[in-house]
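Trainee: Could you slot chain G onto chain C? The hints should help.
Protein chains: 2
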Amino acid sequence: MATYEILKEEGRAKRAVFHTVHGDIQTPVFMNVGTVAAIKGAVSTQDLKDVKCQVELSNTYHLHVRTGDKLIKEVGGLHKFMVWDRPILTDSGGFQVFSLSGLRKIKEEGVYFNSHIDGRKIFMGPEESMQIQSNLGSTIAMAFDECPSSVAERKYVEDSVARTTRWLERCKTEMARLNSLEDTVNKEQLLFGINQGAIFDDIRIDHAKKIAEMDLDGYAIGGLAVGESHEDMYHILDVTVPHLPKNKPTYLMGVGTPANILEAVERGVDFFDCVYPTRNGRHGHLYTNHGKINLFNQKYEKDMSPIEEGCQCPACKHYSRAYIRHLLKAKEMLGMRLCVLHNLYFYNTMMEEIRDALDAGRFHEYKAEKLYNMSQGQK
Amino acid sequence: MATYEILKEEGRAKRAVFHTVHGDIQTPVFMNVGTVAAIKGAVSTQDLKDVKCQVELSNTYHLHVRTGDKLIKEVGGLHKFMVWDRPILTDSGGFQVFSLSGLRKIKEEGVYFNSHIDGRKIFMGPEESMQIQSNLGSTIAMAFDECPSSVAERKYVEDSVARTTRWLERCKTEMARLNSLEDTVNKEQLLFGINQGAIFDDIRIDHAKKIAEMDLDGYAIGGLAVGESHEDMYHILDVTVPHLPKNKPTYLMGVGTPANILEAVERGVDFFDCVYPTRNGRHGHLYTNHGKINLFNQKYEKDMSPIEEGCQCPACKHYSRAYIRHLLKAKEMLGMRLCVLHNLYFYNTMMEEIRDALDAGRFHEYKAEKLYNMSQGQK
Numbered sequence: 001m002a003t004y005e006i007l008k009e010e011g012r013a014k015r016a017v018f019h020t021v022h023g024d025i026q027t028p029v030f031m032n033v034g035t036v037a038a039i040k041g042a043v044s045t046q047d048l049k050d051v052k053c054q055v056e057l058s059n060t061y062h063l064h065v066r067t068g069d070k071l072i073k074e075v076g077g078l079h080k081f082m083v084w085d086r087p088i089l090t091d092s093g094g095f096q097v098f099s100l101s102g103l104r105k106i107k108e109e110g111v112y113f114n115s116h117i118d119g120r121k122i123f124m125g126p127e128e129s130m131q132i133q134s135n136l137g138s139t140i141a142m143a144f145d146e147c148p149s150s151v152a153e154r155k156y157v158e159d160s161v162a163r164t165t166r167w168l169e170r171c172k173t174e175m176a177r178l179n180s181l182e183d184t185v186n187k188e189q190l191l192f193g194i195n196q197g198a199i200f201d202d203i204r205i206d207h208a209k210k211i212a213e214m215d216l217d218g219y220a221i222g223g224l225a226v227g228e229s230h231e232d233m234y235h236i237l238d239v240t241v242p243h244l245p246k247n248k249p250t251y252l253m254g255v256g257t258p259a260n261i262l263e264a265v266e267r268g269v270d271f272f273d274c275v276y277p278t279r280n281g282r283h284g285h286l287y288t289n290h291g292k293i294n295l296f297n298q299k300y301e302k303d304m305s306p307i308e309e310g311c312q313c314p315a316c317k318h319y320s321r322a323y324i325r326h327l328l329k330a331k332e333m334l335g336m337r338l339c340v341l342h343n344l345y346f347y348n349t350m351m352e353e354i355r356d357a358l359d360a361g362r363f364h365e366y367k368a369e370k371l372y373n374m375s376q377g378q379k
Numbered sequence: 001m002a003t004y005e006i007l008k009e010e011g012r013a014k015r016a017v018f019h020t021v022h023g024d025i026q027t028p029v030f031m032n033v034g035t036v037a038a039i040k041g042a043v044s045t046q047d048l049k050d051v052k053c054q055v056e057l058s059n060t061y062h063l064h065v066r067t068g069d070k071l072i073k074e075v076g077g078l079h080k081f082m083v084w085d086r087p088i089l090t091d092s093g094g095f096q097v098f099s100l101s102g103l104r105k106i107k108e109e110g111v112y113f114n115s116h117i118d119g120r121k122i123f124m125g126p127e128e129s130m131q132i133q134s135n136l137g138s139t140i141a142m143a144f145d146e147c148p149s150s151v152a153e154r155k156y157v158e159d160s161v162a163r164t165t166r167w168l169e170r171c172k173t174e175m176a177r178l179n180s181l182e183d184t185v186n187k188e189q190l191l192f193g194i195n196q197g198a199i200f201d202d203i204r205i206d207h208a209k210k211i212a213e214m215d216l217d218g219y220a221i222g223g224l225a226v227g228e229s230h231e232d233m234y235h236i237l238d239v240t241v242p243h244l245p246k247n248k249p250t251y252l253m254g255v256g257t258p259a260n261i262l263e264a265v266e267r268g269v270d271f272f273d274c275v276y277p278t279r280n281g282r283h284g285h286l287y288t289n290h291g292k293i294n295l296f297n298q299k300y301e302k303d304m305s306p307i308e309e310g311c312q313c314p315a316c317k318h319y320s321r322a323y324i325r326h327l328l329k330a331k332e333m334l335g336m337r338l339c340v341l342h343n344l345y346f347y348n349t350m351m352e353e354i355r356d357a358l359d360a361g362r363f364h365e366y367k368a369e370k371l372y373n374m375s376q377g378q379k
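Here the protein sequences line up with chains C and G, keeping their order. Once you know that position 302 of the first sequence is 302 in the working numbering, the rest is easy, because the numbers rise by one and skip nothing. Once you know that position 78 of the second sequence is 78 in the working numbering, the rest is easy, because the numbers rise by one and skip nothing.
Next comes chain C alone, as it looks inside the complex:
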């Protein structure tokens, strides 16, 4: 059983530690996305340790349709398969079912859809999602939910959220059953529920209250960063987070930019994940404390300074902007790898700075400084 210990608070911002069977997670934390049990950009789990990653996030849907969770269970689970001894969070597969599969039919029992790999018909409901995540043996499993569009109509969102609540109850029951089985990879697998409700305050609040009663291991806010404005996102956090249990981790799914994270920490969120650092890295877009830079810009052609002066990431410790730009232009994989390593290091280091600032009781000051510096642009 995991325990969540709040070490310090500043306004709604929380500095905490989440004790799990795979080690402690110091929060606020940014989880590094390794979709199919690998971080895109030729980054290994050994590399993840070098960029200060605490939690790896893998995608249930991708691992289910390719290679397969059953095979991964047979070889001892995801930790053993990808050689990672720290916490892993798996998503429920729901988001990919809704975003990747063309034809799908949502029923009370779950979702019927076609694999995006080979088109074969697949059914996934709460029980199937829990079974797959149990086979993977992740530290934290996410509940199977529907993520309605941010512009969906009120009636649709109401019905969807009601079903998501019923699905959550089934997830909890199935998870308890799976964790009690003899041959389960991780018998202490945790379950996080997911709050939905698009941008309707009352639906969000009502749903938050309902799931808060279910005594889950943690609570996520889903369905944000899917097209709504930043203001809408911050507003939903403002009204929803206070209705989620404060004594449990709060996870904002799929978010976001450094600024989004700072704003959300201030609103009480402590778990994050996002593909920005990896995806942007693969395109030569790099995060620095003076804003983002695009290495394809010709002004870096002969720039022998590192991506960011003083940065201790595996790229900046050795290589120059000029060299990495050359690699990117020549389409050498090494260019992407170095950029992804830098961006993950930047994100993970920012989270460390956030934790240090909270420890020192100066988060608000830190946040203002960081946002100001990042808005100044490159010198």
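A portion of the hints provided could be inaccurate.
Pairs count within a copy or across copies, as identical chains cannot be separated in the list.
In silico DSSO-like pairs for lysine-lysine, Cα to Cα no more than 30 angstroms straight-line [unchecked claim]:
id, residue 1, residue 2
1, Lys-73, Lys-49
2, Lys-329, Lys-70
3, Lys-302, Lys-187
4, Lys-80, Lys-292
5, Lys-49, Lys-105
6, Lys-187, Lys-317
7, Lys-329, Lys-52
8, Lys-70, Lys-331
9, Lys-49, Lys-317
10, Lys-105, Lys-121
11, Lys-299, Lys-73
12, Lys-70, Lys-302
13, Lys-299, Lys-70
14, Lys-370, Lys-40
These aren't lab readings, by the way, just hints derived from the structure by calculation. Quick caveat: nothing in here was measured; it's all calculated off a predicted structure.
Mentor: Coordinates of chain G only, in the frame set by chain C:
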């Protein structure tokens, strides 16, 4: 000025050390190919140290048409650009001019051709090749030559080789001039001449004798491994190597399989380079002491053993065949990276074993054992 010191001999096989301005090269040595100043498969110069690489090889043609040798000179040369403090060998660009450019015209002064990147017209002759390599500042520059087809007619080969000899004289003169200039990156750049002659014994021998008189820093055998049989290749080595200076390094260009290397070492060759370990690695073909394996084979699906038991490479130290196979099937770059690292480590380790065997006066025994083991296939 580099010196070449033979430490031990066994038949024609030589165990030597080549002292250069960028450090000693223990031979026999396999040079690791980093075409555009990067090893394909997201492998960095830091990684090269982990896989025991002594000499990195970069391609003059590729660096000239993309990014440009002038830019690299401006930032301090290739060593500084790619952050590698050990020896670098650059080829002359000739091979790529002949193999990559569609339309080309060979004249006494050099070759007129179109860039394979943007089609623009380029001229490269001996002086241009030396100038580019001088701009790169490599440890060893290769002479600009023509590599005639292994099935070219005798008359064509005779004329081509005669021109290659005249080009070599021009290379030597230009290199001496460049090394004497104030702003030259590496004023001690070395020049290796290249023996040609397709598979005509007498042309090879005659050419070897001619270039041996020119007192170059080393001698390469080019125009092999371009389509002729292994028997033809070994025969050409048998008849040619004895006519090259024994007190200088002997480099067999673009060769080859582990067996090719063992046979060539026995015939007096001590420098090698080949794209096999990187190219095969990117396709999941892996070298082991029990023969090559293809990780795409389904039998490795649940195989949690490393690529090779006991191997200390960065892939085998942590990851399993099952995991790497999964990565390759999912087209994750990390799969290629791990396979390339393993294959380079295998090659560089084999060279280390060859040197150890020569030191111990048991090269012939080692060679027989290695060939026997590799022919046995996987257990």
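Trainee: Hints numbered earlier in the text: which of these fail when held up against the supplied structure?
Mentor: 5
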